[in-house]
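Peer 1: Sequence:
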Amino acid sequence: MFKYLQKSFLLVVLLLSFSYQVKSQLIQNTIPDHKPMMTAIWEKFDLLMYKVITMPDGTKTYTPHFPQELKALDNKNVTLPGYMIPLKVGRDHHTFMLSVLPVMQCMFCGQNGIPPLVQIVMRKGKVRFTDEPFKINGTIHLNQDPDKGAEIQLLDASLSQ
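The sequence shown begins at 4 in the numbering used here and counts up one residue at a time.
In short, the hints are calculated from the structure, not lab data.
Note that CB positions come from ideal geometry on N, CA and C, so glycine has one too.
Heads up, some of the hints might be wrong.
As the list claims (entries may be wrong) - No farther apart than 20 Å at their CA atoms in a straight line, the calculated lysine to any residue pairs in the SDA-like style are these:
id : residue 1 : residue 2
1  : Lys47     : Gln147
2  : Lys47     : Pro59
3  : Lys138    : Arg94
4  : Lys127    : Leu90
5  : Lys151    : Leu76
6  : Lys127    : Gly152
7  : Lys47     : Thr62
8  : Lys54     : Pro39
9  : Lys47     : Leu76
10 : Lys74     : Ala153
11 : Lys129    : Gly152
12 : Lys138    : Asp159
13 : Lys129    : Leu162
14 : Lys47     : Ala153
15 : Lys151    : Glu46
16 : Lys74     : Pro39
17 : Lys129    : Lys74
18 : Lys127    : Ile117
19 : Lys129    : Leu73
20 : Lys74     : His144
21 : Lys63     : Met41
22 : Lys138    : Pro39
23 : Lys79     : Asp95
24 : Lys47     : Asp95
25 : Lys91     : Gln156
26 : Lys138    : Thr64
27 : Lys91     : Asp134
28 : Lys138    : Lys54
29 : Lys74     : Asp134
30 : Lys74     : Leu162
31 : Lys138    : Leu90
32 : Lys74     : Ser163
33 : Lys74     : Asn146
34 : Lys91     : Tyr53
As the list claims (entries may be wrong) - Across the chosen pairs, the derived CB separations fall in these ranges:
id : residue 1 : residue 2 : range
35 : Lys129    : Asp60     : 38 to 44 Å
36 : Val124    : Leu50     : 19 to 25 Å
37 : Met107    : Lys63     : 32 to 38 Å
38 : Lys138    : Asp77     : 32 to 38 Å
39 : Lys91     : Val55     : 29 to 35 Å
40 : Gly61     : Met41     : 36 to 42 Å
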């Protein structure tokens with residue numbers, strides 16, 4: 004009787020272990036984290052760096068440094084795919100951030116190669132919040148002044164069809 008219980012217990016443990024592995028594999032294969040949004044433009048945005056400068060009062064501050072490849076995009080009209088990251092509470096947004104990652108996925112987690120967020124300023128009207136990716140057109144502006152928004156901006160923006 005004891006051997007029978009021992010074998011039954013072992014069989015149950017093996018079946019549970021196997022079913023857990025199958026379930027984990029199914030979840031990994033069927034639920035993607037997000038749709039990939041990286042493009043050549045996003046990869047150039049990823050070149051943004053910061054330099055530490057000493058201010059006249061002796062304090063040190065970080066300032067954006069735009070490599071030549073990134074500077075070449077300044078004032079260019081582009082189309083960017085991405086996910087909306089709202090700056091304020093609400094359904095409709097005139098100004099928001101755009102990311103290659105969804106709002107529910109931390110852009111600081113995971114691997115390197117996640118470019119900075121891009122500040123979007125719509126030409127007119129507002130865009131309704133969605134957690135689905137979309138494309139947006141606008142003119143790239145590289146901003147040196149932290150009081151005037153993000154380092155990389157897409158101005159005069161409109162939704163792309």
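Peer 1: Check the following: the C-beta atoms of Lys91 and Val55 are separated by a distance inside 29 to 35 Å.
Peer 2: holds (31 Å)
Peer 1: Regarding the pair Lys74 and Ala153, is the alpha-carbon distance no greater than 20 Å?
Peer 2: holds (15 Å)
Peer 1: Compare the distance between the alpha carbons of Lys138 and Thr64 with 20 Å, and conclude whether the hinted pair is satisfied.
Peer 2: violated (34 Å)
Peer 1: Decide if the proposed pair is consistent with the structure: Lys151 and Glu46, CA atoms, cutoff 20 Å inclusive.
Peer 2: violated (24 Å)
Peer 1: For the pair supplied as a hint, Lys47 and Ala153, confirm whether the alpha-carbon distance does not exceed 20 Å.
Peer 2: Cα-Cα ~16 Å, so holds.
Peer 1: Are the Cα positions of Lys129 and Leu162 separated by 20 Å at most?
Peer 2: holds (10 Å)
Peer 1: Tell me if the straight-line CA distance from Lys129 to Leu73 falls inside 20 Å.
Peer 2: violated (28 Å)
Peer 1: Hint check: Lys47 vs Pro59, CA-CA at most 20 Å. Holds or violated?
Peer 2: violated (32 Å)
Peer 1: Against the 20 Å threshold, does the CA-CA distance of Lys74 and Asp134 hold or violate the hint?
Peer 2: Outside the cut-off at roughly 30 Å; violated.
Peer 1: With a cut-off of 20 Å on the C-alpha distance, tell me whether Lys47 and Leu76 pass.
Peer 2: Holds, at roughly 9 Å.
Peer 1: Given the hint that Lys74 pairs with Leu162, does the C-alpha gap stay at or below 20 Å?
Peer 2: Distance ~24 Å between Lys74 and Leu162 Cα, so the pair is violated.
Peer 1: Do the Cβ positions of Val124 and Leu50 conform to the proposed distance bound of 19 to 25 Å?
Peer 2: Given range 19 to 25 Å: holds, Cβ gap about 22 Å.
In summary, the structure is inconsistent with hints 2, 7, 8, 15, 16, 17, 18, 19, 21, 23, 24, 26, 28, 29, 30, 32, 34, 38 from the numbered list given earlier, while agreeing with the others.
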